[in-house]
Amino acid sequence: MTQADPMIEVTNLDKFYGAFQALKNIDLTVHQGEKVVICGPSGSGKSTLIRCFNGLEWHNSGRLVIDGIEVYEGAKDIRELRQEVGMVFQQFNLFPHLTVLENLMIGPMKVRKIPKAQAEETARNYLDRVHIPEQADKYPAQLSGGQQQRVAIARSLCMETRIMLFDEPTSALDPEMINEVLDVMVELAETGMTMVVVTHEMGFARKVADTMVFMEAGQIVEISPPEQFFTNPSSERCRLFLDQILAH
Amino acid sequence: MSDLGISRPSGQELPKPPFHKRFFGSVPVSVTIYAIIVGLIAYGAYAGAQGMGYNWQWYRVPQFLYRNTEVGFEWGEIPIGLVATIKLSVTAFLLATAIGLLVALLRLSGLVIGSAVAVGYLELIRNIPLLVLLYLFYYVLGPIFGFDRYTASILTLAVFHSALISEILRAGINAVPAGQWEAAKSIGMSPYQTYRYIILPQSVRFMLPPMTGEVVHLIKSSAIVSVIAVAELTTFGRNIISDTYMSFEIWFTIALVYLVVTLILSIGVSHLEKKYAVDQ
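Quick note, the sequences are listed as chains A and B, same order. Under the working numbering, the residue at position 141 of the first sequence is numbered 141, and the numbers go up by one with no gaps. Convert by adding 1000 to the 1-based position in the second sequence; the result is the number in the working numbering.
Hints are computed from structural coordinates only; laboratory data are not their basis. Among the hints, a few may not be true.
Mimicking DMTMM-like on lysine to aspartate or glutamate, the simulated pairs with C-alpha atoms at most 20 Å apart in a straight line are [what the hints assert, rightly or not]:
| no. | chain 1 | residue 1 | chain 2 | residue 2 |
| --- | --- | --- | --- | --- |
| 1 | A | LYS110 | A | GLU160 |
| 2 | B | LYS1185 | A | GLU160 |
| 3 | A | LYS116 | A | GLU160 |
| 4 | A | LYS24 | A | GLU9 |
| 5 | A | LYS138 | A | GLU120 |
| 6 | B | LYS1275 | A | ASP137 |
| 7 | A | LYS76 | A | GLU57 |
| 8 | B | LYS1185 | A | GLU84 |
| 9 | A | LYS110 | A | GLU120 |
| 10 | A | LYS207 | A | GLU180 |
| 11 | B | LYS1087 | B | GLU1077 |
| 12 | B | LYS1185 | A | GLU73 |
| 13 | A | LYS138 | A | ASP128 |
| 14 | B | LYS1185 | A | GLU70 |
| 15 | A | LYS110 | B | GLU1182 |
| 16 | B | LYS1185 | A | GLU80 |
| 17 | A | LYS110 | A | GLU80 |
| 18 | B | LYS1185 | A | ASP77 |
| 19 | B | LYS1185 | A | GLU57 |
| 20 | A | LYS24 | A | ASP14 |
| 21 | A | LYS76 | B | GLU1182 |
| 22 | A | LYS138 | A | GLU180 |
| 23 | B | LYS1185 | A | GLU102 |
| 24 | A | LYS24 | A | ASP77 |
| 25 | A | LYS110 | A | GLU73 |
| 26 | B | LYS1185 | A | GLU168 |
| 27 | B | LYS1185 | A | ASP67 |
| 28 | A | LYS113 | A | GLU80 |
| 29 | A | LYS207 | A | ASP183 |
| 30 | A | LYS113 | A | GLU160 |
Per label pair, the in silico range of CB-to-CB distance [said to hold, decoys possible]:
| no. | chain 1 | residue 1 | chain 2 | residue 2 | range |
| --- | --- | --- | --- | --- | --- |
| 31 | B | LYS1274 | A | SER235 | 54 to 62 Å |
| 32 | B | HIS1271 | A | ASN179 | 39 to 47 Å |
| 33 | B | THR1091 | A | PRO115 | 36 to 44 Å |
| 34 | B | LEU1265 | A | GLY74 | 42 to 50 Å |
| 35 | A | PRO133 | B | PHE1024 | 36 to 44 Å |
| 36 | A | ASP5 | B | HIS1271 | 54 to 62 Å |
| 37 | B | ALA1035 | A | ASP137 | 50 to 58 Å |
| 38 | B | TYR1066 | A | PRO133 | 54 to 62 Å |
All residues carry an ideal CB built from backbone N, CA and C; glycine is no exception.
Construct all of the structure, not just a fragment, from the sequences and the given hints.
So this is what it looks like as structure tokens:
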């Protein structure tokens, strides 16, 4: 693990939906350039946790500092923070009324106020990076799921983000398209991007992760480097989970 | 076929549908029945008018459409009235959309006070008859705030239709998936930018059909302002009749003009809809 500056610092964080406690006493530090993979059974709070990292959900108590910005409901600089923190969703959430190129340009142009020509150059550059430069003028509905997800990754990168969050990016994909998305994510990891990935793709995790996090029932059960995580997890629950998803 | 190894049962004729379905389903029979029904209604109207000794004077109608006088060509009262109706409707519609959007956003704002104000407004407007609303604006609010009958009629139509328009806008906005909001947020867009660039452009598709219906409705209900003698199509029709006593011919003509305008509008928008459907 690198000992660079902390990019994400979570201290004693709790999150409630009414009376239901979705996150309990979360402590987690992610350093610059670190790749963290979060796994765990459904409903364990993985998505909720990373959605807190860019203010799509608000925590109820504890501290959350992202890239030096304190995150809380009503924080004035939350929009600046969101420009630094990219999010890739399970359902892609591309803008269906805009072409691929426009999807990539709208953020830089409207939010960062970058001139059109420059935004287009950046957009084409990132489309190259996700290996679909030829789809620039199509609409999202004309692309396959894997291509859409790669466009979504490029859309986040166009904002020149410093942290990328992935919320089960391959769960909605047909099996034959999963690898093309994972390949792009591996390449992105190699550039030194700070990444927090919620996924069940353990092959990807082994290849990329610096730190593995296992969550259950709103709590972090285990944080360990992948070599230890996959061979000798300290908690019984984590061992059972790994047995189940690695059985085949 | 056979080299693909697919065999098809051949020769089995399906039983035909029963005779009466084939008979009434065929095009010539349908057209004939339609023509007979329309003909009977038209004849009934004509015969009824003859029966009461009505003196048809269709030849006098064209002069109210256009005139060739010694100074040259000029439009008659009916086209002038139509233009006034369109102006009135367009102005009222734009204002109604602005009010409707405001009310819709208030309701969607999530503020308790915002949605309470919006719901109060909607219930108030929806439960007052249009004619009473017009009288309120013209006889009560007009003198208080000092506006004329034309302004009163625009305000009445705009306020009345803003209620339904706000519901159409709200439904259209809600029809856009929540993921679009999240995606826009996650690239740092403000709520205004999200509405402007992401949500509203997508809502148009959902809003077009009911909005067209509402414009047609507005054009039709604009006729009511003739009761406070605002110059528009229906008022001009009444004026012509009080000069000529040709009530049958003029009312038929006026009705036809409204029908043509609203039909053109509906057909135009259904073309627009097809265009939007292809784009996505």
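Could you check the structure against the hints above and give me the numbers of any it violates, in ascending order?
24, 25 and 35
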